[in-house]
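Okay, here's what each chain looks like letter by letter:
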Amino acid sequence: MLLREVEYARPTSLDQALQLLGASDGARALAGGQTLVNVMKARAASPDVLVDLGKLDELRTIAVSERGLELGAMVTYSQLIRDEQVRAARPILADVCAQIADVQVRNRGTVGGNVCSNDPTNHLPPLLCALGASMTIVGPGGGRTVPAEEFFLGVYMTAVGLGELLTQITIPPGGRDGFASVTIGADGTCIVNAAANLDGEPVVAVGCVSAVPVVVRPSSTDESPLRESVRGAVTDPPGDVHASSEYRRHLAEVVAVRAVRQASERS
Amino acid sequence: MEPVTSAVVTVTVNGETYEREVEARRLLVHLIRDDLDLTGTHVGCDTGSCGACSVIVDGELVKSCMLLAVQADGATIETVEGLAQDGELTPLQQAFSDNHALQCGYCTPGMLMSATYLLRNNPEPTDAEIRKGIQGNICRCTGYVNIVKAIDAAARGEVSA
Amino acid sequence: MTTIAPEGVEAPQKGFVGQSVPRKEDKRLVQGQGVFFDDVKRHGMGYVHFVRSPYAHARIRSIDVSAALALEGVYGTLTGDEVAIQTDPFFEMSTPPGNEIKDYALAVGKARFMGEPVAAVCAATRELARDAAELIEVDYEPLPVLVDPERAQDPDAPILHEDAGSNVVWSGLFDWGDYDAALAEADRVVRIERLHFHRFSSTPLECSGALVEYERATGQWTLYCNHQMPGVGAIWMAPSLRTGIDKLRFVTHDIGGGFGNKITLHPYFVALCLLARKLNRPVHWTEWRTEQHMANTHGNERVFLDVEVPVKADGTMLGFRVKAIDDAGAYPRYEPLGCIIWSQVTPGCYRWRNIRVDFTQVCTNKSPTAPNRGYSRMQHLWFTERVIDIVGQQLGIDPVEIRKRNYIRSEEMPYETPNGCIYDSGDYARALDIALDLIGYDSIDERRRDAEARGRLLGVGIGSTLDSGTNNFGQSQLLNPDLQFSGNNEVATVRLDTFGEIVVTLGTVPQGQSHETVASQLVAELLGVTPDDVHVRPGHDSFFNSHAGFSGTYASQFAVTGLEAVKGATLALADQIKRLAGVILGGVDAEDIELVDGFARIKGNPDAALPFMACGAIINANNAGLPPELDDVTLNCRYVYRPPFQVPDKERKFGNLTLTYATQIHACVVEVDPETGVYEIVDYAAVDDCGKRIHPQIVEGQVHGATAHAIGAATHEQFPYDEDGNLLTANFYDYHVPHAMDMPPLRTGHLESPSPMNSLGTKGMGEGGGAGVHAFCAAIQDALRPLGAPIVDDSCNPYHRVWETIRDPERSRSLVRVETR
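Protein chains in written order, with my numbering: chain A, 1 to 267; chain B, 268 to 428; chain C, 429 to 1249.
Hints are supplied without guarantee of correctness; some may be wrong.
[Said to hold, decoys possible] Here are some, though not all, of the chain B residues that point toward chain C, as calculated from beta-carbon distances under 10 Å:
| # | residue |
| --- | --- |
| 1 | Leu-305 |
| 2 | Cys-312 |
| 3 | Cys-317 |
| 4 | Gly-354 |
| 5 | Asn-389 |
| 6 | Thr-393 |
| 7 | Ala-395 |
| 8 | Gln-402 |
| 9 | Asn-404 |
| 10 | Val-415 |
[Said to hold, decoys possible] Label-pair restraints from in silico Cβ distances:
| # | chain 1 | residue 1 | chain 2 | residue 2 | range |
| --- | --- | --- | --- | --- | --- |
| 11 | A | Arg-261 | C | Asp-870 | 32 to 38 Å |
| 12 | B | Glu-283 | C | Thr-1062 | 45 to 51 Å |
| 13 | C | Gly-824 | A | Glu-265 | 39 to 45 Å |
| 14 | A | Ala-211 | C | Asp-910 | 55 to 61 Å |
| 15 | C | Thr-1248 | A | Pro-238 | 43 to 49 Å |
| 16 | B | Gly-326 | A | Gly-141 | 34 to 40 Å |
| 17 | A | Ala-211 | C | Glu-643 | 53 to 59 Å |
Think of the hints as simulated: they come from the structure by calculation, not from any bench. Note that this is a predicted model, so its numbers are computed, not measured. By construction, the Cβ of each residue, glycine as well, lies at the ideal position given by its N, Cα and C atoms.
Chain A on its own, in the form it takes in the complex (with noise of 0.2 Å):
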């Protein structure tokens, strides 16, 4: 409802950013604020101090090169949407972060924001897995790059450390993709969901049915071999007032089964 008492700031460098975020235990980046003012006005997590990283337009940055499509951490939802390089690049992007939720969020809501909180429903998490993504961090040591597959660690827990910062998410070439989703109506919060790409060995990835994205490579992408493996890898989904366990464990098959004929009809 409302915030507790915060402290702010808005630095205007990258240096000054990751100055401020290593200053306090209790400082954290504040991207679009799509996910974060809510948790803050309902008062489940309350940061001594915000971050903000409005004004660090190198992270807003659209480019593609060699590695792939490179998206700057901050830019956001309808920025990717409207990108010309990105509808080339890797069309599946922009197609599923349309389906996030409406335009305001889209406006504000940032690629980074999506993956770093990694809330068990979001979109990017499983979409990125599957596209084989990689994250590069930014710390007082320096910078890394991790893969999407070992970037998400829990609920609301990534790789990101404290004092670092996600700079830029890269997608390799490539474009054999498919999403799928069930929603709590439509563009709605997902029940479940499941990306896949076919550019080279089957990757399935399926989101909302653990804490990260369950990411299977089946040995075909025949219904049988990739449903069995799909229900191999996904033991134990929570359930909720939208679906038990059971309910999500079965749509997990279904979803996946789908993004792999998305996929597959994309050449």
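Dock chains B and C against chain A, hints included.
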């Protein structure tokens, strides 16, 4: 740079510039409603779900309950009060009235800002695009039927005098 | 969107009644100039935040406010101990033991639902009030929790209210016709073990709240608020505060939706009144969304057990028997009225005559209930529709056929139901035909095959309901013969101001129903002016002195009670104007005066005309020499409309309980993905008959909104609790209401069967969502028929429930047994 618990925020709202000292934790919607006395923007929920607080900040449609006032320092903001000029309703506002797109009027300011933003960026939206454009605005009175109708009418210039 | 108006409906008259005139309310609302109570500010006002119980059931051992009081900027606090000393418990309507329940503004000694307010703190800013609330320490002793209404009467059930000693709020048997004879006559008896109607609410976008001022000199409280039924609000609050009714001034202006959820705000408001007095400053409280979901109100949850339906072989339904358990939550506030209000529509739309209902209402450790849109009739009508559909399915009779066979026919109107209610008018079969036509029922089989080819199951469902409007509060005496409530009323005052301006004040409290506009249409037509010439004051103000005990906006009655009051006041004013003009224009009879374009003039001699301005000026400021026969001409006419009700027969529980009955027939077409249980409503039609439509566009708007509420309720909107009494959908994140992309294509149609029960031919309307809840349930049941013919036994069917139904059709099928005689 030192973090602060409060700051002076300068915002230009509907063409007028205001300066207020606010706590860092104050939400933008409360700056607008309580500190600037612009009560047209409404609060309908506490999870950023309903869109009653929608305003346009630096040209982008946002939910003002999901921004801190301090984040808007230096920004240009448009609220519902800035739509009509000298009591002259915009075609969109008139279309809302013509088509009975409001009953209790509580969601209406946010709905109008979303529709204004939509038509600015997409002057000839389809039915599906209209619905997507107001997907972040909850209405409990109208079932959205007449709201969609009104936005469509405004887009096509079919508005009473 | 398609609209169908059948032949025979009158073309709009040249007057304003029947026209969709521009709405007066719009100009301010589209400019963000509406005045909602949270917009009102007072110098020095304090913001209030309530401390709420985190337990569904707990003894309150102690409350320590000292840390909160020590915080700079905190003005003061209020706890249950103070409330218990300074106020008396709220008036309870039930018979023993329910009447022993003690209900106060804050929890006293015990919290009985999660979120119940336990203490209040007032501070200089909203944020500080929130901070201070966290510093208040409450020591709780958790108690066992009761969330299942079917367990409330178990010997080992936790008792919520020790003073009552039982969780039963009210219990009684309704028995009309001769059910035993009907059972004996039946060719088949269909038995349904259990049906469940779930908790949800229409969640108005504006939350509840008030800004309360207390004037020490006079003991006068003023509440700038959004209470939608101030007449009874004052009746509850005044005795509790030990003050006179006039000391509670309710002022409403614009209200952001109510739908019945802003009727039982008196506990919060009493707390605010006490704080305003204690702290000697205005106090301001706005409910948060989470608080509204947890601790405002929900619609009644109702379980229907041991349903028994005697039927003839040709599908004629002879009657039904059922045991109903209604869950009122932790405190009965508007309850137990829900225990009788369903009987306004005992047989639903059908002609069965032999009905036996064993009705019990219980308390549970959940949010208290309130008359949410459709109140108590929605639950019952859903039940009758389920019975019709299930019986039809069991006997192999088509849902349209079985309805037409059993619908009350238009030629039987006015129709007296088995318990003496008079259905005034309506043509259900015709409305059904219109609905079916709108959804293309003739080509449904083709659409079914088409859906099948895409791997989807298509289903069609019908929902037929009645919106009974204008209550006879005498029905409360059927629950408790000692209650002193009966009849109904509404008030309007219409006057000519000093300069001849027409000013209207209403007792009603609109929350979007366009009363200013509709009232002005009627006044304009009767006074010979235009709606623009009629100024209707927005909102309600006790100091307008234009209200009575039942004033408010609820229970689908404005078009009858509100407008009859307006009509009465306007006709009285017209008569006075004519008498005055007659005298001024030279001894002319009032009958020979007509009112045209703001003038009172002699018929046949239009030049002999007195403008309204002159009339107003004469009476108000220039009245020397007026003859004695004009002594009673004040040009300020207050009229109290009293509908023609009798106190019902308490022995037989028989009598007319509502004045008008609007019809709603909805048809829903749904496609289900059998692999996931996910569905999509692909077509929808709503046909409404509310008698004479004063403003067709406004009526249509109500139909749209009610339909959206129905769709939300039938699909994802629910307030489930876990076994510890935690509400699982406490905000809009988890409680999913329809957004713009969730709405199906909506087609509407209408009939106008005028009501003979009032001079305008109107019927109250707006609560017609029940039809949609059932139409959707029926469509799901129809869609799933190829998968083992399960039945839909719950009013809420989110994806997971549909999937479970697909997986285990036997579970629901086994709830139904047919006995062949």
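Tested hints:
no. : hint                               : in the structure
1   : Leu-305                            : holds, 8 Å
2   : Cys-312                            : holds, 4 Å
3   : Cys-317                            : holds, 6 Å
4   : Gly-354                            : holds, 8 Å
5   : Asn-389                            : violated, 15 Å
6   : Thr-393                            : violated, 13 Å
7   : Ala-395                            : holds, 8 Å
8   : Gln-402                            : holds, 5 Å
9   : Asn-404                            : holds, 7 Å
10  : Val-415                            : holds, 7 Å
11  : A/Arg-261 x C/Asp-870: 32 to 38 Å  : holds, 35 Å
12  : B/Glu-283 x C/Thr-1062: 45 to 51 Å : holds, 47 Å
13  : C/Gly-824 x A/Glu-265: 39 to 45 Å  : holds, 44 Å
14  : A/Ala-211 x C/Asp-910: 55 to 61 Å  : holds, 59 Å
15  : C/Thr-1248 x A/Pro-238: 43 to 49 Å : holds, 47 Å
16  : B/Gly-326 x A/Gly-141: 34 to 40 Å  : holds, 38 Å
17  : A/Ala-211 x C/Glu-643: 53 to 59 Å  : holds, 57 Å
The structure fails to meet hints 5 and 6 from the earlier list, while all remaining hints are met.
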